[in-house]
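Undergrad: What follows is the residue order along each chain.
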Amino acid sequence: ETGVTQTPRHLVMGMTNKKSLKCEQHLGHNAMYWYKQSAKKPLELMFVYNFKEQTENNSVPSRFSPECPNSSHLFLHLHTLQPEDSALYLCASSPYLTNSNQPQHFGDGTRLSIL
Amino acid sequence: SQQGEEDPQALSIQEGENATMNCSYKTSINNLQWYRQNSGRGLVHLILIRSNEREKHSGRLRVTLDTSKKSSSLLITASRAADTASYFCATGHLVGGAQKLVFGQGTRLTINP
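Line by line, the protein sequences are chains B and F. Quick note on numbering: the first sequence equals residues 1 to 115 in this note's numbering. Quick note on numbering: the second sequence equals residues 1001 to 1113 in this note's numbering.
One or more of the hints may lead you astray.
Computed spacing ranges between beta-carbons, pair by pair [to be verified]:
{"#": "1", "chain 1": "B", "residue 1": "Asn17", "chain 2": "F", "residue 2": "Asn1112", "range": "38 to 46 angstroms"}
{"#": "2", "chain 1": "B", "residue 1": "Arg9", "chain 2": "F", "residue 2": "Ala1010", "range": "21 to 29 angstroms"}
{"#": "3", "chain 1": "B", "residue 1": "Asn70", "chain 2": "F", "residue 2": "Ala1082", "range": "17 to 25 angstroms"}
{"#": "4", "chain 1": "F", "residue 1": "Leu1075", "chain 2": "B", "residue 2": "Asn57", "range": "33 to 41 angstroms"}
{"#": "5", "chain 1": "B", "residue 1": "Lys40", "chain 2": "F", "residue 2": "Asn1112", "range": "42 to 50 angstroms"}
{"#": "6", "chain 1": "B", "residue 1": "Pro83", "chain 2": "F", "residue 2": "Asn1038", "range": "22 to 30 angstroms"}
{"#": "7", "chain 1": "F", "residue 1": "Glu1055", "chain 2": "B", "residue 2": "His10", "range": "15 to 23 angstroms"}
{"#": "8", "chain 1": "F", "residue 1": "Ser1012", "chain 2": "B", "residue 2": "Ser62", "range": "39 to 47 angstroms"}
{"#": "9", "chain 1": "F", "residue 1": "Leu1094", "chain 2": "B", "residue 2": "His79", "range": "32 to 40 angstroms"}
{"#": "10", "chain 1": "F", "residue 1": "Glu1017", "chain 2": "B", "residue 2": "Asn17", "range": "30 to 38 angstroms"}
{"#": "11", "chain 1": "B", "residue 1": "Pro69", "chain 2": "F", "residue 2": "Arg1054", "range": "38 to 46 angstroms"}
The calculated lysine-lysine pairs, modelled on BS3-like cross-linking and capped at a C-alpha distance of 27 angstroms, are [stated by the list, open to error]:
{"#": "12", "chain 1": "F", "residue 1": "Lys1070", "chain 2": "B", "residue 2": "Lys36"}
{"#": "13", "chain 1": "B", "residue 1": "Lys22", "chain 2": "F", "residue 2": "Lys1056"}
{"#": "14", "chain 1": "B", "residue 1": "Lys18", "chain 2": "B", "residue 2": "Lys52"}
Examples of chain B residues toward chain F, derived with CB under 10 angstroms [claimed, not checked]:
{"#": "15", "residue": "Pro42"}
{"#": "16", "residue": "Ser59"}
{"#": "17", "residue": "Asp85"}
{"#": "18", "residue": "Ser86"}
{"#": "19", "residue": "Leu90"}
{"#": "20", "residue": "Gln104"}
{"#": "21", "residue": "Gly107"}
Everything labelled a hint here was simulated from the structure, so no lab data went into it. The beta-carbon is built from N, C-alpha and C at its ideal position, and this holds for glycine as well.
Let the hints inform the model, and build the full structure from the sequences given.
TA: Below is the structure:
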């Protein structure tokens, strides 16, 4: 149990579907992150939220739409995805965004497959 | 690029042996972190070493940091089958007042019984 829970663990969807990924952290952290992990590529930071406010969008296509209703929950809404979007999507949290000397806590990810 | 680069990309050793993985980076850092990822799971934080530290220990793990060479190493002593996983280094930066981690591609470690 990492304290960060992601659902669903696996998702298969067509390119025209709309789905959402959910992340919930029980650690009392204030910063939350979405990462994309593709085969043979380094982990890519997608979005950063601090106290519910988006602080970074790392040039992510608009077909990915994040939502952070409170500091404990983070969503990634998916629409009209492409085959190259198939990857493991990881959510992470950390206590404070402005403290650089702290680890991030990761969920187990959602394995997304686009047909 | 700020990315950490791990070396080797894959490592296979016998149980009980020591495993050493290296990480190099290109820009100044606030800290360097090592994470482990088991197949199908998320990343688990192992150890964080600050830029003003040279060595850190945690159980069977030993991490060194040489900021003059922009490199770090992770040593796992007396390896066990359960240590089989991918290991990632991540450089920690403060960008615009916000923490940012930049990950390498990882080393795939296999411990043979």
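Undergrad: Each of the hints needs a verdict: does it hold here or not?
TA: Results for each hint:
1. Between B:Asn17 and F:Asn1112 the C-beta distance comes to about 42 angstroms, which sits within the given range of 38 to 46 angstroms.
2. Range check, B:Arg9 to F:Ala1010: about 26 angstroms between beta-carbon atoms, so the 21 to 29 angstroms window is met.
3. Checked against the given bound of 17 to 25 angstroms, the beta carbons of B:Asn70 and F:Ala1082, roughly 36 angstroms apart, lie outside it.
4. With their beta carbons about 38 angstroms apart, F:Leu1075 and B:Asn57 fall inside the hinted range of 33 to 41 angstroms.
5. The hint said 42 to 50 angstroms for the Cβ distance between B:Lys40 and F:Asn1112, and at roughly 23 angstroms that hint is violated.
6. The supplied range of 22 to 30 angstroms is met by B:Pro83 and F:Asn1038, whose beta-carbon atoms lie about 27 angstroms from each other.
7. A beta carbon spacing of about 41 angstroms between F:Glu1055 and B:His10 contradicts the range 15 to 23 angstroms that was offered as a hint.
8. Against the hinted window of 39 to 47 angstroms, the Cβ-Cβ separation of F:Ser1012 and B:Ser62 comes to about 43 angstroms, which satisfies the hint.
9. Checked against the hint of 32 to 40 angstroms, the C-beta distance between F:Leu1094 and B:His79 comes to roughly 34 angstroms, which is consistent with it.
10. About 48 angstroms separates the C-beta atoms of F:Glu1017 and B:Asn17, a value inconsistent with the hinted range of 30 to 38 angstroms.
11. The hint said 38 to 46 angstroms for the Cβ distance between B:Pro69 and F:Arg1054, and at roughly 43 angstroms that hint holds.
12. Only pairs whose Cα atoms come within 27 angstroms are accepted, and F:Lys1070 paired with B:Lys36 is accepted, the gap being roughly 26 angstroms.
13. Between B:Lys22 and F:Lys1056, the direct Cα distance comes to roughly 35 angstroms. Violation of the 27 angstroms bound is thereby established for this hinted pair.
14. Restraint check for B:Lys18 and B:Lys52: the C-alpha separation of about 23 angstroms stays at or below 27 angstroms, so the hint holds.
15. Hint on B:Pro42 holds. Least Cβ distance to chain F is approximately 5 angstroms, under the 10 angstroms limit.
16. With a cut of 10 angstroms, the hint placing B:Ser59 at the interface with chain F is violated, because the nearest CB-to-CB distance is about 14 angstroms.
17. Taking 10 angstroms as the C-beta cut-off, the interface hint given for B:Asp85 is violated, the closest approach to chain F being about 19 angstroms.
18. With a least beta-carbon distance of about 15 angstroms to chain F, the hint placing B:Ser86 at the interface is violated under the 10 angstroms criterion.
19. The interface hint given for B:Leu90 is met, as the beta carbon of that residue sits about 6 angstroms from the closest beta carbon of chain F, less than 10 angstroms.
20. The interface hint given for B:Gln104 holds, since its Cβ lies 6 angstroms from the closest Cβ of chain F, which is under the 10 angstroms cut-off.
21. With a cut of 10 angstroms, the hint placing B:Gly107 at the interface with chain F holds, because the nearest CB-to-CB distance is about 5 angstroms.
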